[in-house]
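Novice: What follows is the residue order along each chain.
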Amino acid sequence: MTRRMQGGLALALLALAVAVVASAAVAAGTATPGVTSKTITIGGTFPLTGPAQLYGVIPKAENAYFQYVNTHGGVNGRKIVFKYYDDQYNPANTVPLTHKLVQQDHVFAVYGSLGTAPILATRDYLNGLRIPQVLVATGDSYWGSQYKKYPWTIGFQPDYPGESRVYGQFIRNKIPQAKIGVLMQNDAYGQNYYNGLLQGLGAAKSKIVDVEKYDATETDVSSQVVKLKAAGANVFALFALPTQTIDALVVTTKIGWHPTTFINNVSSSPLFMGLAQKSGADVQGDITATYVYDVWNNPNTAVAKQYKSILAKYDAGADPLDANNLYGVANAWTMVKVLSLAGKTPTRAGLMRALTHMNWKNPYLYPGIVMKTTPTERYPIDQQILEQYKGASWKPFGHLFGNAR
Amino acid sequence: MRPRAASWFGAAAAAAAAVAIALLPLTLSDYHRSQGALVAVYFVAILALDIVTGYTGQISIGHGAFMAVGGYTTAILLHHHWWTSATGALHTIWTLPAAALVGFGAGLVVGLPALRFHGVYLALTTFAVALAVPQLAKNYSHFTGGTQGLSLPAHNGLWLYRLGWIVAGVAFVFAWLLLRGRTGRAFRAIRDSEVAAASSGVTLALYKTLAFGISAAMAAVAGSVYVLVNNFVNPDVFGLTLSLYVLIGAVVGGLGSLWGVLAGAAFVQLLPIGLTSGPLASSEDVPVIFGAVVIAVMAALPLGAAGFVQTALRFASRTRQSSTTP
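Chains A and W are the protein sequences, given in the same order.
Be aware that the first sequence starts at 0, since it is given in numbering that gives the first Met the number 0, and climbs by one per residue.
Be aware that the second sequence starts at 0, since it is given in numbering that gives the first Met the number 0, and climbs by one per residue.
You may find that some hints are simply not true.
Claimed, not checked - In silico SDA-like pairs for lysine to any residue, Cα to Cα no more than 25 Å straight-line:
(1) A:K99 x W:Y30
(2) A:K212 x W:Y30
(3) A:K343 x A:L128
(4) A:K212 x W:H141
(5) A:K78 x A:K253
Hints in this document: simulated from the structure, not taken from any laboratory.
One chain only, chain A, in its complex shape (with noise of 0.2 Å):
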């Protein structure tokens, strides 16, 4: 046999193996996927560690509320299993992950995956396969205004516009000399916030004298903030991640600038406030928005007794004090709620009409706020309240608002 005739045979066989490949049949289907008759296996991403890791934190505050739930009966019986993964709020590690939580885990919906560019990075895949991806812990507007092309994806928090569009209101109407400087990441969640904060201007958009940029994975924006401060600006509006935010407020006092500072609700936990405190920020009369229950300077109320006992119980270490915690705990309240309606053995459909047909009150959540939803309507929490920096926490002032579309 010739070298030839050889290769020719390999070759062969290669062909083989290819029709082989080709022919191999496809495994069918079952039930609903993670729906057992003890249990439902939820799950997301979140970036336990990187450039966002301050919002670490949240998935073991609702891991803890459903320890919780699952300690006095679970949700008709049947107990939450979450699994959670660290994608390090990339996208990259986001999708080969909530791939292995759907083909792996089997999910019964992924809950509560946190980011702007993680959710928009899966949601083609998620709704492709007609699975929920709910309560996720991004407060774009895409999420609420796109449900006709994305109708498995839905949201929780107020949306970014709305907040910042508040900004641009309070802005226009009481600081008439305001020279405005603005600071945001570079993608969509930046972007939202930004023409939110555009919106609520309207006219008095062109008092905004800079603005700067920097991408997710950079933590160092002191030059951006050098910047804003050589343009003469004296209102910042801050539209970034924690870990830039409390950067931002350092380098802002240490090169001697003093604007009227706005910090969205997202980075304004007042654990990083105290953070950048104590790196020696000034952050005395900083304006930021807020939606959940009032722990802070109401510490004796049931509710933040019952708050502060299932972290204590089951998140140790866990710091009360941090507004992702309770974040976490609100947003982990609402799943069981929409669980407990999805049908009394849950179905993503199911699970999609409670989702969509929300009417309650939810006791974390600043007293006031109803969560409300309608299948056209898809923004669960639609109210917050403006506080203020004053002393070593955040004072509410004014009424709630809502976020009009």
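Following the hints, position chain W against chain A.
Specialist: The following block gives chain W in isolation, referenced to the frame of chain A:
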């Protein structure tokens, strides 16, 4: 071992490997099929690196950049709907040769410094390419989606597994045909001694840039499949780690051997997954353990998996000969 027997052994091993790879997905879950597709991606990328580094002796630690070129070619063509229609699958596949062409061009350009630089200097040049290409994607975010990236339609694990391994099979046969003939001899001659190669009539400039071009084209196709498996691309997908993993795979498998490539690909794709699913390691420990295993493997098998098999076969045939000789 006599050459003819070695060649028989090779053909039989190729057939056995192909049949095993073909039958494997029947026993796998959809998730593990897509992991299998990623092994195919590494197989093609490592094969590509082997051509330029193992056979031609030109060190590259920037093959992640060529994968990025291919991956972005596929992603941009598909995402901007330039190449999609009702028959989407066919168009998806046609982005692969397009990626190969773009990759070939990129490889020729990067190959130019190889005419001047040798050894560690060339390695540094390719390293710079690996760092720079993902940054380019950040700058032209209108096309590339910037750090936020581009999403693509998802495919099931079986389709991806088939695509990955058919591409791997074609790449393997192509590399085998290329390397056994005149071109392969020229490559090896350059690796062993550039002076001797030139004086034997091998045009150094032609064959060096050709090696880079072909290698980059293959890596680009690997990048395309990678992007299709993940149905997503952003600059971090093609970070420096990817280039290093491809290099580690090539070294662990054994440079200058087509057989080692399979072992190298399985090593870099499956070991980290095996470590995370094991009881001992959390995700933060994986890089450390992975590094330790690489060092251990290199200490035990300095010529990689292929070198180990060759030594073992040589040893086996020698003992057989000595036992038959009176």
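Novice: State for each hint whether it applies.
Specialist: A quick look at each hint next to the structure:
Only pairs whose Cα atoms come within 25 Å are accepted, and K99 of chain A paired with Y30 of chain W is accepted, the gap being roughly 6 Å. At most 25 Å may separate the alpha-carbon atoms for a hinted pair to count; K212 of chain A and Y30 of chain W exceed this at roughly 38 Å. Among the hinted pairs, K343 of chain A with L128 of chain A is consistent with the structure: their alpha-carbon atoms are about 23 Å apart, no more than 25 Å. Between K212 of chain A and H141 of chain W the CA atoms are separated by roughly 16 Å; this keeps the pair inside 25 Å, and the hint holds.
A distance of roughly 51 Å separates the Cα atoms of K78 of chain A and K253 of chain A; the hinted pair therefore is violated under the 25 Å criterion.
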